[in-house]
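Could you build the full structure based on these sequences and the hints that come with them?
Number of protein chains: 2
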Amino acid sequence: MNSIIRVNTRSGKVEKSQVSAEEMRWGGRLLISKFLLREVPPTCDPLGRFNKLIIAPGLLGDTPVTTAGKFSFGGKSPLTHGVKESDVGGEAGAKIARLGIKALVLEDTPETLKTRILMVSAKETRLTDAPELKHKMVSETFQILRERFGPSVGIICIGPAGEMMMASACIAVTDAHDALVRAAARGGLGAVMGSKGIKAVVIDDLEAKPSPPFDAKLLQEANKEFAQMLLSDPKIGNRQRFGTSAIMMVANELGLLPTRNFSAGQFEKVEEISGETIAEKIDERKGEGKYGMPCTRGCVVRCSNVFPDPSGKKAVGTLQYENIALLGPNCDIGSLDEIAALNNLCNQVGVDAIETGATIGVAMEAKVIPFGDAEGAKDLIRQIGQGTYLGRILGQGVVVTGKVLGIRRIPAVKGQAIPGYDPRALKGNGVTYVTSAMGADHTAGNAFETAKSVNPLGIENQVESSKKLQVRAAILDTMGLCLFVRTPFGSKPELFSLFLKGRYGWDLTYADVQKIGLDVLETEREFNRRAGVSEEFYGIPEFMREEPLPPKNSVYDIPLEEMQRIWSVKLPASW
Amino acid sequence: MNSIIRVNTRSGKVEKSQVSAEEMRWGGRLLISKFLLREVPPTCDPLGRFNKLIIAPGLLGDTPVTTAGKFSFGGKSPLTHGVKESDVGGEAGAKIARLGIKALVLEDTPETLKTRILMVSAKETRLTDAPELKHKMVSETFQILRERFGPSVGIICIGPAGEMMMASACIAVTDAHDALVRAAARGGLGAVMGSKGIKAVVIDDLEAKPSPPFDAKLLQEANKEFAQMLLSDPKIGNRQRFGTSAIMMVANELGLLPTRNFSAGQFEKVEEISGETIAEKIDERKGEGKYGMPCTRGCVVRCSNVFPDPSGKKAVGTLQYENIALLGPNCDIGSLDEIAALNNLCNQVGVDAIETGATIGVAMEAKVIPFGDAEGAKDLIRQIGQGTYLGRILGQGVVVTGKVLGIRRIPAVKGQAIPGYDPRALKGNGVTYVTSAMGADHTAGNAFETAKSVNPLGIENQVESSKKLQVRAAILDTMGLCLFVRTPFGSKPELFSLFLKGRYGWDLTYADVQKIGLDVLETEREFNRRAGVSEEFYGIPEFMREEPLPPKNSVYDIPLEEMQRIWSVKLPASW
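Protein sequences, first through last, are from chains A and B. Each residue of the first sequence is one higher than the one before, counting from 75 in my numbering. Each residue of the second sequence is one higher than the one before, counting from 75 in my numbering.
None of these hints come from the bench; they were simulated from the model. Treat the hints with care, as some may be off.
What the hints assert, rightly or not - Away from chain A, derived, C-beta distances all over 12 Å, residues of chain B:
1) 252
2) 253
3) 278
4) 295
5) 308
6) 357
7) 477
8) 528
9) 557
10) 586
To be verified - Here are the simulated DSSO-like cross-link-like pairs (lysine-lysine), alpha carbons at most 27 Å apart as the crow flies:
11) B:87 with B:309
12) B:388 with A:441
13) B:188 with A:441
14) A:566 with A:291
15) A:208 with B:441
16) B:87 with B:208
17) B:452 with B:441
18) B:441 with A:188
No experiment lies behind these values; they were computed from the predicted model shown. Note that CB positions come from ideal geometry on N, CA and C, so glycine has one too.
Right, dumping it as structure tokens:
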């Protein structure tokens with residue numbers, strides 16, 4: 075990966091350049107933070123011509139290291155107005171990496187918006203008009219492009235929400251079998267893609283000549299050890315069968331499961347929507363249903379599934395904890411079939427299911443539809459895709475929706491909806507939501523994994539723990555590795571050194587790798603500082619500091635000053 | 075004025091306390107900045123229970139000094155999320171001052187919102203239920219309360235927009251003859267009043283025993299001299315006849331008149347909407363039409379008018395430059411009758427006509443209705459009052475409307491609509507909009523008055539000039555004086571010393587008075603700093619830096635760093 079391709083969406087001009095020695099060290103989330111700070115005016119309009127949409131594989135993106143096909147989208151977020159990196163699995167990332175592309179940068183905006191696709195292959199990169207794709211749903215877009223370009227291309231696209239530049243719009247990616255709709259969901263980067271007039275990016279790596287790794291054998295051996303360590307972790311087995319919803323019952327037990335617009339932390343019908351129930355229904359219904367599916371080639375975690383409707387036909391792929399939490403309990407909807415249908419609608423319209431579930435919860439509190447009304451919720455998501463006035467409100471996400479509908483209980487931090495972990499019952503996540511440049515994003519440092527070692531209801535050690543988790547997440551997002559592979563690094567953090575030595579010939583200690591993670595956080599924070607995005611502006615929602623969350627009946631009580639101490643916390647050089 | 079009355083809108087409890095020696099020195103805008111910084115958590119939800127609505131006469135509020143009846147409303151703004159002071163004429167301010175009330179502070183929010191009125195008299199302060207006023211228009215509310223409480227009370231109220239907590243909601247005040255609807259319009263403080271469940275405040279000063287001034291004779295003489303100086307200023311004569319629209323033709327000449335959503339700075343039909351035309355039509359149509367009306371008792375400026383419809387019936391009172399600019403040219407509407415009707419609708423629904431005019435301009439750009447469609451515009455304002463989904467979008471002001479409707483040309487700074495001076499053609503106002511804690515607010519320091527001495531298209535001296543203007547505005551807003559009285563202070567700044575000596579017995583030089591103005595700006599800025607409201611977050615709109623404004627074809631080109639130099643500018647101790 076040694077080329078950078080820049081596409082000017084106004085002039086159509088494509089420029090390919092070689093990476094500098096410094097840029098060579100960047101990948102995924104680190105590259106995005108560096109590019110944004112260097113090239114994007116921090117005070118720019120996120121949907122204007124000075125923002126850029128950056129697509130970047132991780133440093134290990136062209137290696138066989140398991141899960142390393144995750145890749146990053148980045149830009150200034152229309153939702154948070156700060157830096158945003160949103161990563162995703164699927165097939166396109168590895169193909170970009172195999173083409174030797176370190177970053178694909180969409181620049182400027184067209185004079186007048188047209189519907190275009192960007193073709194990227196070993197031979198050329200070019201924009202072509204595709205008016206027939208205008209406002210097409212995501213799966214139909216995939217299907218049309220699949221028919222046109224054949225089975226081996228990777229496809230990235232937006233739905234109508236992205237085209238309408240809605241701040242909750244996501245970017246969708248195919249998996250190897252077009253069974254799943256993966257999404258770089260958070261932060262509204264689909265709207266940034268829409269502002270560039272790019273409906274889809276098609277990656278053809280058939281004639282790619284990937285650069286050979288520095289030491290293929292070392293890489294292979296390290297990966298083998300890594301995969302074995304992963305496979306011997308009982309959590310991985312759970313994820314293969316129960317998916318990310320393996321944690322549903324624990325989340326409920328901890329009382330952090332968002333329920334009825336974050337008014338409770340336990341859901342009466344939780345058993346009906348648990349990971350176990352998902353697996354049972356898949357076993358029962360058979361048909362197209364399946365669990366244990368990888369989202370990137372070679373992934374051993376295989377946490378994805380296709381959830382079938384009662385007749386066995388695919389309802390949605392994949393059905394995950396976050397989406398279930400927000401579209402289910404948070405909307406008082408306890409039927410997996412309804413949740414699957416809602417999730418599929420989000421995927422088709424092209425909106426973040428977390429943001430949308432939180433938004434529907436607020437709309438329900440505003441009595442637009444009653445809590446529990448799944449049919450009503452489907453109608454709301456359809457209206458987002460249609461761009462009705464109500465749909466346009468909802469498509470802007472939970473903060474705008476709350477404001478417009480006159481609701482005070484708005485579950486968001488830094489303009490972005492809180493995901494499936496109420497910070498009153500998992501206080502470490504509150505620290506992450508407020509201090510991460512990403513806003514309310516569990517993938518930026520999820521305290522769920524430390525809930526046994528750090529009291530989730532206490533204040534003590536939350537800041538130190540969040541810092542550690544945020545650095546870990548930043549490292550993995552820079553490598554292009556999935557967050558679910560973190561366990562092996564606990565016993566063998568030098569695995570990173572082996573991977574990077576094998577791929578690039580670099581000699582790095584884990585302390586060096588940790589510095590990469592810290593560099594990500596500091597660079598992102600500096601962008602936000604220059605953009606005027608503060609930790610004060612949209613902190614923990616006021617109601618979460620006032621209203622105890624049943625059944626633990628805790629409020630969020632970590633003072634802002636305590637959270638801001640995170641920037642002076644020094645970490646030991648261990649994972 | 076030595077008492078502070080606090081009304082807890084949750085418990086209904088009323089507390090009256092004596093001012094401290096320090097508080098005695100505070101009034102109007104200074105008092106609001108000090109109270110907010112001391113008592114309101116800067117990161118609070120503007121519509122939540124920790125925000126306060128503070129009503130404060132100026133330091134000269136209980137004196138006969140001409141125009142001194144202006145008084146201030148303050149709180150954390152739901153529009154800008156920063157400190158907000160919005161002042162207004164009318165009769166209620168002087169009555170509050172005569173009752174000896176330095177500040178009336180509405181605290182907390184009710185458990186469940188009811189429609190209530192707050193009665194304030196020499197005897198008591200109490201909340202009473204008034205369900206019959208729910209969602210009543212402003213003039214009807216005034217009328218009902220006038221019938222109930224008689225001709226001598228002062229009335230403050232909100233319209234349905236405030237009750238629905240819309241961020242563009244204003245607070246309306248009666249004049250002595252109920253001819254005018256005056257509004258503390260900017261920053262959405264009507265929504266803060268709505269969040270407290272207070273539909274109206276009725277001020278009965280019949281039994282007031284105002285404290286005698288320290289030296290009544292000195293005060294009277296100084297005021298006499300002051301009034302004479304004002305009356306000998308030719309600008310005042312113009313204002314009496316042409317109202318604030320006396321500047322319309324000059325604004326057009328300077329090319330700064332917002333036209334068709336800030337896409338031009340001159341309006342083809344400007345002569346049809348000028349101050350001169352207003353006066354002609356009033357002369358022609360007679361009936362209820364009138365110009366040269368005072369908004370506070372004893373005002374010699376008398377810039378208000380009642381604009382009649384063709385039959386001579388009152389269409390609106392008063393019709394001002396700002397509202398005409400935003401509801402007229404900015405919406406491509408060139409008929410005074412249509413503009414008067416739109417302005418009246420804004421008054422009735424209870425929204426800021428500046429914010430609403432800018433919002434309708436954006437809705438027109440989004441093709442919700444065509445530019446120039448006055449009937450459509452009326453319908454939009456009615457929808458705000460009805461709370462339809464579209465109305466709720468528009469009622470949130472121009473930033474939310476632009477976002478939701480997918481428009482990039484959003485004329486706002488710090489979340490608030492730009493008033494009738496496009497900063498590309500009056501660059502000093504750009505400095506004020508960005509650096510003032512108030513956001514885009516011409517009353518915070520209007521470079522229009524210095525357009526002859528500081529090149530409005532140049533960069534040079536804008537920062538120094540804006541600082542001077544901002545300090546002046548802060549002083550006047552603290553005294554309770556109208557911005558239109560600034561001229562006499564140019565030749566005799568020690569008038570302030572005479573007023574304050576006469577009223578309070580204080581011995582202050584003008585340098586001391588200037589420090590009061592600087593104290594206001596610094597206190598407000600500190601609140602915003604703690605609230606995380608930065609000068610970077612919503613600066614000059616991107617399109618104004620890119621798109622030349624015809625006919626001067628200038629872009630806004632003062633760099634943020636240059637504007638931020640304002641904080642280190644030292645002023646000489648002169649007006």
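Straight-line Cα separation of residue 388 of chain B and residue 441 of chain A no greater than 27 Å? violated (40 Å)
Minimum C-beta separation from residue 557 of chain B to chain A exceeding 12 Å: can you confirm that? The claim stands: residue 557 of chain B keeps its Cβ more than 12 Å from every Cβ of chain A (closest is about 29 Å).
Is the nearest Cβ of chain A still more than 12 Å from the Cβ of residue 477 of chain B? With a cut-off of 12 Å, residue 477 of chain B comes too close to chain A, as the shortest Cβ separation is near 6 Å.
If we take the beta carbon of residue 253 of chain B, is the closest beta carbon in chain A still more than 12 Å away? holds (33 Å)
Regarding the pair residue 566 of chain A and residue 291 of chain A, is the alpha-carbon distance no greater than 27 Å? holds (19 Å)
Between residue 452 of chain B and residue 441 of chain B, does the CA-CA distance stay at or below 27 Å? holds (15 Å)
Could you grab the alpha-carbon distance between residue 188 of chain B and residue 441 of chain A and see if it respects the 27 Å cut-off? Holds - the C-alpha atoms of residue 441 of chain A and residue 188 of chain B are around 18 Å apart, at most 27 Å.
Least C-beta distance from residue 357 of chain B to chain A larger than 12 Å: Given a closest Cβ separation of 44 Å, the condition holds.
Verdict on residue 586 of chain B as a residue remote from chain A, using beta-carbon distances over 12 Å: holds (33 Å)
Does the claim that residue 252 of chain B lies outside the interface with chain A hold up, using a Cβ gap greater than 12 Å? Its Cβ never comes within 12 Å of chain A, the nearest being 30 Å, so this holds.
When you look at the beta carbon of residue 528 of chain B, is every beta carbon of chain A farther off than 12 Å? Holds, since 25 Å exceeds 12 Å.
Residue 308 of chain B: least C-beta distance to chain A exceeds 12 Å? holds (42 Å)
Comparing the model with each earlier hint shows violations of hints 7, 11, 12; every other hint is respected.
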